[in-house]
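A.B. asks: Here is how the chains run, residue by residue.
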Amino acid sequence: MKRKITRRGFIKKHSQIMLSVSLASYFSIPMNVIPLYANDAIKIDNIHKKNDLTILNDRPINAETPPHLLNDSVTPTNRHFVRNNGIMPNLTSNEVNNWTLKIEGNVHKEKLYTIKDLKENFEVISKVLQLECGGNGRAFFSPPTPGNQWTYGAISCSEWTGVRLLDVLKASGIKDTSIYTGHYGADIHLSGNENKDAISRGVPIKKALDVNNIIAFSMNGKNIPKIHGSPLRLICPGWPGSTSQKWLTKIKVLDHVHDGTKMTGKSYKIPKYSTKPGNKVSDSDFKIIESMPVKSLITFPKTGLTHYSLKLNVNGHAWAGDKNIKKLEISIDYGVTWIEANLFNPINKYAWQDWNIEIIFPSKGYYEIWSKATDEDNISQPYDINWNPKGYLNNTIHRIHTVINV
Amino acid sequence: MFKNIKFTLFFILLFIIKNISFANDSDTLSNKELLKYNCSSCHSLNTIYQQRLSKEQWKEIILLMYSENDMPKMIKKKEDILINYLASNYGN
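So the protein sequences, as listed, match chains A and B.
The numbering of the first sequence is our numbering, which starts it at 1 and goes up by one.
The numbering of the second sequence is our numbering, which starts it at 1001 and goes up by one.
One or more of the hints may lead you astray.
Derived lysine to aspartate or glutamate pairs resembling EDC-like cross-links, with alpha carbons at most 16 Å apart [what the hints assert, rightly or not]: (1) A:Lys-250 - A:Glu-358; (2) A:Lys-311 - A:Asp-377; (3) A:Lys-252 - A:Glu-368; (4) A:Lys-349 - A:Glu-368; (5) A:Lys-323 - A:Glu-376; (6) A:Lys-111 - A:Asp-72; (7) A:Lys-302 - A:Asp-72; (8) A:Lys-109 - A:Asp-176; (9) A:Lys-266 - B:Glu-1068; (10) A:Lys-280 - A:Asp-322; (11) A:Lys-207 - A:Asp-72; (12) A:Lys-311 - A:Glu-368; (13) A:Lys-196 - B:Asp-1070; (14) A:Lys-280 - B:Glu-1068; (15) A:Lys-280 - B:Glu-1056; (16) A:Lys-266 - B:Glu-1060; (17) A:Lys-196 - B:Glu-1060; (18) A:Lys-222 - A:Glu-159.
In silico contact screen, one side only, chain B against chain A (beta carbon under 10 Å); selected entries [stated by the list, open to error]: (19) Ser-1040; (20) Ser-1041; (21) Asn-1046; (22) Thr-1047; (23) Gln-1050; (24) Gln-1051; (25) Ser-1054; (26) Lys-1055; (27) Glu-1056; (28) Leu-1064; (29) Glu-1068; (30) Asp-1070; (31) Asp-1080; (32) Ile-1081.
These are computed hints drawn from the structure, not numbers from a lab.
Think of the CB as a built atom: it goes at the ideal place given N, C-alpha and C, for glycine as much as any other residue.
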């Protein structure tokens, strides 16, 4: 019980660490002296109710969901992965209640909205939207690439309620010269430098004006939990999750490609040309990732189990960033033959698509079950990784294994 | 209430650390301590433990920490020791 309380104190602790970081700079402590407080093992809170997730990092908190826990059509909040780049803002209820969103930059009318204003001025909608981290699957890169070593579970499809980004941008009158957006949030850069953003990414105007982006204030019918960006976050479905700014405070309309934190260098970028695994690529040869690629997951059964029947029901999801899925196939013989699964329509545009199949195994034995999705443009999942230096976009077919014992 | 006392003590401790810090000569630090002192103020060492990177990649990571993340510059000697330590313990 005592331990639980400590865990809940995480955010509090974090703010103390922040203070110690700023204090450290005040006293200009030499680099090799670290404030003692920051050395304490930091317990993870806010992730209570997220006990089933795999924690990749505790400071900042990054956690993913094992595939078999993603079986629901709509991802429950406690099974939604967590990607944090900075320190979560320590918000008072006053700050939450008086939250504002600023729309500025290359617009005719700059605006400042409270959440109440947003609800009153724009149509409130709910949509089930897939959100995937650009680095999902990085753990399988060979040679390895730096960053959080996500395996399969930095993907979700929860229900988000809010107003359309399109409506809000239109109300400000976007100037014709606009080409990009820049998104800003209240999280703090890990260095504690208040003039730096932890992350600030954006999307081309064409994507920003898609009707499916939501400025959300609720997740699965409840207020967004702090760890997922309360009280306001942007959802740009189908694109790297980093474009879906958490703790959203400001959207800037730009006449140039956004140059915020993690828009520059090699972040969320892949080489313009395919690259020999392990090769170095210069910054100028990178391009920004846009839509996420076609991908699928087997969410039932859990990998590694023994089953005592030749018949096995298998199911999962498939998604393809901006696109729809056309076909889902399963192989139980290492890709020699494929069987088509039942594929369902998405709940709405940008929701992942459920699929299922009853497999009849020819005999007892050890099997791998592979799933391969094909999108509306006939593009399928690859067998192996198209290597890139930062470990993005691994959309290889999903493989689980099972023993059939009859 | 108890928390506040703890917090005040922490300030005082910080002040003391500040004044004795130069006694902490870098040469006496083990490689592990070198890693801890230089790389765990912003994020936990789990950020590092997760990685399996070549020496070249570790060099790049440290340059990235300087250029993008406000990490204070280390002296060259310590930097080299750290890169070797990282490549041999968290290498690929």
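A.B. asks: Hint by hint, say whether it matches the structure.
C.D. replies: Going down the list of hints, with the structure as the test:
no.	hint	in the structure
1	A:Lys-250 - A:Glu-358	violated (48 Å)
2	A:Lys-311 - A:Asp-377	violated (33 Å)
3	A:Lys-252 - A:Glu-368	violated (48 Å)
4	A:Lys-349 - A:Glu-368	violated (31 Å)
5	A:Lys-323 - A:Glu-376	holds (7 Å)
6	A:Lys-111 - A:Asp-72	violated (38 Å)
7	A:Lys-302 - A:Asp-72	holds (14 Å)
8	A:Lys-109 - A:Asp-176	holds (14 Å)
9	A:Lys-266 - B:Glu-1068	holds (11 Å)
10	A:Lys-280 - A:Asp-322	violated (30 Å)
11	A:Lys-207 - A:Asp-72	violated (28 Å)
12	A:Lys-311 - A:Glu-368	holds (15 Å)
13	A:Lys-196 - B:Asp-1070	holds (9 Å)
14	A:Lys-280 - B:Glu-1068	violated (19 Å)
15	A:Lys-280 - B:Glu-1056	holds (10 Å)
16	A:Lys-266 - B:Glu-1060	holds (12 Å)
17	A:Lys-196 - B:Glu-1060	violated (21 Å)
18	A:Lys-222 - A:Glu-159	holds (10 Å)
19	Ser-1040	holds (7 Å)
20	Ser-1041	holds (5 Å)
21	Asn-1046	holds (5 Å)
22	Thr-1047	holds (6 Å)
23	Gln-1050	holds (5 Å)
24	Gln-1051	holds (6 Å)
25	Ser-1054	holds (7 Å)
26	Lys-1055	violated (12 Å)
27	Glu-1056	holds (8 Å)
28	Leu-1064	holds (7 Å)
29	Glu-1068	holds (7 Å)
30	Asp-1070	holds (4 Å)
31	Asp-1080	violated (16 Å)
32	Ile-1081	violated (12 Å)
In summary, the numbered hints that this structure violates are 1, 2, 3, 4, 6, 10, 11, 14, 17, 26, 31, 32.
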